[in-house]
Amino acid sequence: MEIKTDRVYSASHEWVLFETETTATIGVTDFAQSELGDLVFVNLPQVGDAVTAGQPFADVESVKAVSDVYCPVSGTVSAINEALLSTPQMINENAYDAWFIKVENITDKSPLMDADAYRTLTGE
Amino acid sequence: MNNDLLLSMEKSIPGRGSQVIPALEAPAYPLPETFCRKAPPMLPELAETDVDRHYTALAQRAYGVNCGFYPLGSCTMKYNPAVNEAAARQPGFMGAHPLAPAHAVQGCHAVITELSAALCEIAGMDAFTLQPAAGAQGEFFGMLCVKRYHEARGESHRVRMLVPDSAHGTNPASAAIAGFTVVNVPSRADGLVDTDALRGLLDENTAGMMMTNPNTLGLFEKDILDISRMVHQAGGLMYYDGANLNAILGQARPGDMGFDVTHFNLHKTFSTPHGGGGPGSGPVGVKRALVPYLPTVASLGAKDGLQLKAFHGNFGIMVRALAYIKALGRDALSDVATHAVLNANYLMHRLTNAGYTPAIATRCMHEFVLTLEGIKAETGVSALDVAKSMIDYGMHPPTMYFPLIVHEALMFEPTETETRETLDHVADVMIAILAQTRTDPAAMHTAPHTAVIGRPDDVKAARTPVLHW
Amino acid sequence: MSHYHPHTQADTAAMLATLGLATPDDLFADIPQSVRLRAPLSLPQGLSQMDTLAAMEALAEQNTRYRLTLRGAGCYDHFIPPLVSQLAGKEEFVTAYTPYQAELSQGILQAIFEYQSLICALTGMDASNAGVYDGASAAAEAAVMCRERGRTVTLVSACAHPDTLAVVRTYAYGTGHEVRVVPAADGHTDLAALQAMLTPDIASLYIQQPNYFGQLEDVPALFAAAKAAGVKCILGANPMTLAMLPSGAEVGADIVCGDVQPFGIPMAFGGPSAGFMAATAAMQRKLPGRIAGQTTDAQGRRAFVLTLQAREQHIRREKATSNICTNQAHCALTAGIYLTYLGTRGLTAVAERCLAHAHAFAELLTAIPGVRLRHRGVFFHEFVTELPVPAQAVEAALEAQGVLSGLPLDGGMLWCVTEKASLAQLTRVAEIVREVCAQ
Numbered sequence: 017m018e019i020k021t022d023r024v025y026s027a028s029h030e031w032v033l034f035e036t037e038t039t040a041t042i043g044v045t046d047f048a049q050s051e052l053g054d055l056v057f058v059n060l061p062q063v064g065d066a067v068t069a070g071q072p073f074a075d076v077e078s079v080k081a082v083s084d085v086y087c088p089v090s091g092t093v094s095a096i097n098e099a100l101l102s103t104p105q106m107i108n109e110n111a112y113d114a115w116f117i118k119v120e121n122i123t124d125k126s127p128l129m130d131a132d133a134y135r136t137l138t139g140e
Numbered sequence: 016m017n018n019d020l021l022l023s024m025e026k027s028i029p030g031r032g033s034q035v036i037p038a039l040e041a042p043a044y045p046l047p048e049t050f051c052r053k054a055p056p057m058l059p060e061l062a063e064t065d066v067d068r069h070y071t072a073l074a075q076r077a078y079g080v081n082c083g084f085y086p087l088g089s090c091t092m093k094y095n096p097a098v099n100e101a102a103a104r105q106p107g108f109m110g111a112h113p114l115a116p117a118h119a120v121q122g123c124h125a126v127i128t129e130l131s132a133a134l135c136e137i138a139g140m141d142a143f144t145l146q147p148a149a150g151a152q153g154e155f156f157g158m159l160c161v162k163r164y165h166e167a168r169g170e171s172h173r174v175r176m177l178v179p180d181s182a183h184g185t186n187p188a189s190a191a192i193a194g195f196t197v198v199n200v201p202s203r204a205d206g207l208v209d210t211d212a213l214r215g216l217l218d219e220n221t222a223g224m225m226m227t228n229p230n231t232l233g234l235f236e237k238d239i240l241d242i243s244r245m246v247h248q249a250g251g252l253m254y255y256d257g258a259n260l261n262a263i264l265g266q267a268r269p270g271d272m273g274f275d276v277t278h279f280n281l282h283k284t285f286s287t288p289h290g291g292g293g294p295g296s297g298p299v300g301v302k303r304a305l306v307p308y309l310p311t312v313a314s315l316g317a318k319d320g321l322q323l324k325a326f327h328g329n330f331g332i333m334v335r336a337l338a339y340i341k342a343l344g345r346d347a348l349s350d351v352a353t354h355a356v357l358n359a360n361y362l363m364h365r366l367t368n369a370g371y372t373p374a375i376a377t378r379c380m381h382e383f384v385l386t387l388e389g390i391k392a393e394t395g396v397s398a399l400d401v402a403k404s405m406i407d408y409g410m411h412p413p414t415m416y417f418p419l420i421v422h423e424a425l426m427f428e429p430t431e432t433e434t435r436e437t438l439d440h441v442a443d444v445m446i447a448i449l450a451q452t453r454t455d456p457a458a459m460h461t462a463p464h465t466a467v468i469g470r471p472d473d474v475k476a477a478r479t480p481v482l483h484w
Numbered sequence: 012m013s014h015y016h017p018h019t020q021a022d023t024a025a026m027l028a029t030l031g032l033a034t035p036d037d038l039f040a041d042i043p044q045s046v047r048l049r050a051p052l053s054l055p056q057g058l059s060q061m062d063t064l065a066a067m068e069a070l071a072e073q074n075t076r077y078r079l080t081l082r083g084a085g086c087y088d089h090f091i092p093p094l095v096s097q098l099a100g101k102e103e104f105v106t107a108y109t110p111y112q113a114e115l116s117q118g119i120l121q122a123i124f125e126y127q128s129l130i131c132a133l134t135g136m137d138a139s140n141a142g143v144y145d146g147a148s149a150a151a152e153a154a155v156m157c158r159e160r161g162r163t164v165t166l167v168s169a170c171a172h173p174d175t176l177a178v179v180r181t182y183a184y185g186t187g188h189e190v191r192v193v194p195a196a197d198g199h200t201d202l203a204a205l206q207a208m209l210t211p212d213i214a215s216l217y218i219q220q221p222n223y224f225g226q227l228e229d230v231p232a233l234f235a236a237a238k239a240a241g242v243k244c245i246l247g248a249n250p251m252t253l254a255m256l257p258s259g260a261e262v263g264a265d266i267v268c269g270d271v272q273p274f275g276i277p278m279a280f281g282g283p284s285a286g287f288m289a290a291t292a293a294m295q296r297k298l299p300g301r302i303a304g305q306t307t308d309a310q311g312r313r314a315f316v317l318t319l320q321a322r323e324q325h326i327r328r329e330k331a332t333s334n335i336c337t338n339q340a341h342c343a344l345t346a347g348i349y350l351t352y353l354g355t356r357g358l359t360a361v362a363e364r365c366l367a368h369a370h371a372f373a374e375l376l377t378a379i380p381g382v383r384l385r386h387r388g389v390f391f392h393e394f395v396t397e398l399p400v401p402a403q404a405v406e407a408a409l410e411a412q413g414v415l416s417g418l419p420l421d422g423g424m425l426w427c428v429t430e431k432a433s434l435a436q437l438t439r440v441a442e443i444v445r446e447v448c449a450q
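Residue numbers (the working numbering), protein chains in the order written: chain A, 17 to 140; chain B, 16 to 484; chain C, 12 to 450.
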């Protein structure tokens, strides 16, 4: 399972790439996509929505299940990856390119870990 | 062999068709241009013979209770008596207009009155509405009833609806669309509601609790009187999901267990056919305090009440259920539960002896759940593979992957209308399948092999939806 | 008494012995004695099948059987071709469960897919679901589909069927949303009033076509006003009339819904029938309930499955926006058979006969002194007349002749003429009405 060293991770298997102290891009990890299986749809928030660390901000559908995606930071959604809406398989194909949202005005964040810690968490 | 059966639209030859109705006897009425469709709808045009053969071929690619064993857990796929169908086909019923003057539809009113009274007796409730079209609509109405009750008492802050984690998905969905906040109640290791956890979840905002009893593991919630007492003391109402009523028909009544509202599924317990997904009927019974909130019919003049659907509900289904109740009567109705529970236990016993693992190793009610977790770990064969392999033996698979709290679940409900020989045959098939998990697991991953198609690509269907021709 | 559990006493005894149980009662050992039913149910003893059928026939015979029905108002007496009932009655269709096991259910799945295709053809929309309970609940579900943040109020025309309005209100009550009624003017939705009601909190507008009074609404104008205000447009259509009236796509609908009862489904005291729902591609994922889709199997063969299931209650649980599971599949199947059998020309012929005979009948009636049309607009096959005598007098006189009159409505009568009514019958009815009115 691929784990990138350029970003940090949440215990609920989201990755966060901080651009600045208060802006970040968020997605789900390669481990998460492999557990979720073939994804067929993604529900994303709207630009301008407030997101809260530890709370769901999106959900992903496989054929037989729907799973929440939790936000690792608190802030405001500044962009969403609309390509995911029509081609959710991008997440299965490359989870680290298939970002979900960009967040600005970040005021708070969940406990996050570096790549080594996340590798330990996922048992590799 | 090309198994593909062309769509009716693909068989269409413009100009074909049948003369079904007489020609106009009055001048054609010229609609103003603004009310004229630009081009007629493109419907198929087929010879009568081809319409007949098309739908006959489709029927041959379907599988009903009339075809064989159908052990879908929580669905109660019992035999659908022919006499019920004959009753429903009576011209006096089929031709009744829902807004005909009351004196002209006394037979319909009698059906509704008689069926309601019988359901009250079976449920231990004070009144029934037959308006809800299905169990889910019954649940929705039941939830609205609870909401109205609390509002009328000035307690609209009661918004928490407790739902066990073993519940059918419909329960939390129904509570949510009625405006309640769903609170999940955990189950204990023995599969029953965790009453200690429940106690901690009750508060002054509790609206009520939804329960299925026996629950989706096929186990009777023995603590039911304690549970209803606790919920009532907290000011909540108890809702009974009648999906599993077949297990206790004539043996115990929701009304005697402390339930205030209940829905039954006429298409489960009362033998009306499932129709490939409906129509069903989901009548709701209530205790006296909730009678004021029963639904009304606006087109009959009552404009301010709750209403679930137009007119009186799925009347044709009510006729079938009443015929069933009349045919069986009080003794045979309670024998239904006896034989349903006997058949489930007998099949579980045989499967357990053969090496399958029940999710909870205890006596069951009308259904039981196997966990194939061990088989999957040992052989790589999943519950899905086993279910699909059953198709190759000419039987419908059981309910798969439910309840959610059991891994690799297969949920069997044989119902009371199966013979001992059928159950023995099923057990023998399951033994053969279990042996195959060790001898040829690879073949099971691609089962079924004898159906008109192999496993369909569900991911493709969902990612790039093709929803019409 | 009848029963359908097959065990002989010997079977039962042997099976109990296998389980190590002494009596059938032991099967219920897990039910506490405190909730066991000790006395038998207070119901009559069972009947033989012969007596059961006789008892049910006796109930059916308590209903009046009319030779001619001129009442519609949401439930229509159309001709049901025998082939339609015969094919729909095939047991594999009647006794099957929901087609979750696709390999065993290709016939039902293909029939649903064809039904969806037929609904799309009729409505001009991009996607149809497999149906819901009825036309009224379809309208309520359509209103749910249109709600979004900041826009949650549903507008319903006062000219909609009263049951539809009541059901939309009931569903909205559940989720705590508001429904506002757009007033009528001369039996039509009042466009000027609508324009004043199009505030930024409005999610959708529901217009019934033909409306409850049988009148044809100026749907394009109503929907254009709504669209200009960012409001979603729901067309509640009698699908029979769509053979001739503009499709939902032609009038700018986002959702078209209604009841397929006119398509081969008996009136049966108002149920069961099925609600249809069709939507634009942009809204297709919001459609509630089951949807069949086309895919391929492992060998590349065409296959049909239930798809987009992660929207549904059994997966989404409390986050689902609809709780429907069992729908009215067999009624949708019946409607599909009806449409396939009649085809474009057959359906158009039915609609044309309804339209022509209704207008001929209206002329016969309005030739009677004191009988006139209540509304000035164009109607399809239903219309309201004023009467110079109490409506109940007309109802009684026609009933004596085996005719179910139109529906008494605010002193007048809402008539409905289907293709079943011959001109001779309608002429005779008009004569009876003339006699009553002369008294």
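These are calculated hints, taken from the structure and not from any lab test. Wrong hints could be hidden among the right ones.
[Stated by the list, open to error] Below, a sample of chain C positions facing chain A; criterion: calculated Cβ distance under 7 Å: (1) Gly-187; (2) Ile-326; (3) Arg-327.
All C-beta atoms, glycine included, are put in the ideal place defined by N, C-alpha and C.
Hints versus structure:
A distance limit of 7 Å between C-beta atoms decides the matter here; for C:Gly-187 the minimum to chain A is near 21 Å, and the interface restraint is violated. Checking C:Ile-326 against chain A by beta carbon gives a least distance of about 6 Å; that is within 7 Å, so the hint holds. Given the 7 Å rule on beta carbons, the hint for C:Arg-327 holds: about 5 Å separates it from the nearest Cβ of chain A.
Hint compliance for this structure: hint 1 is the single one not met.
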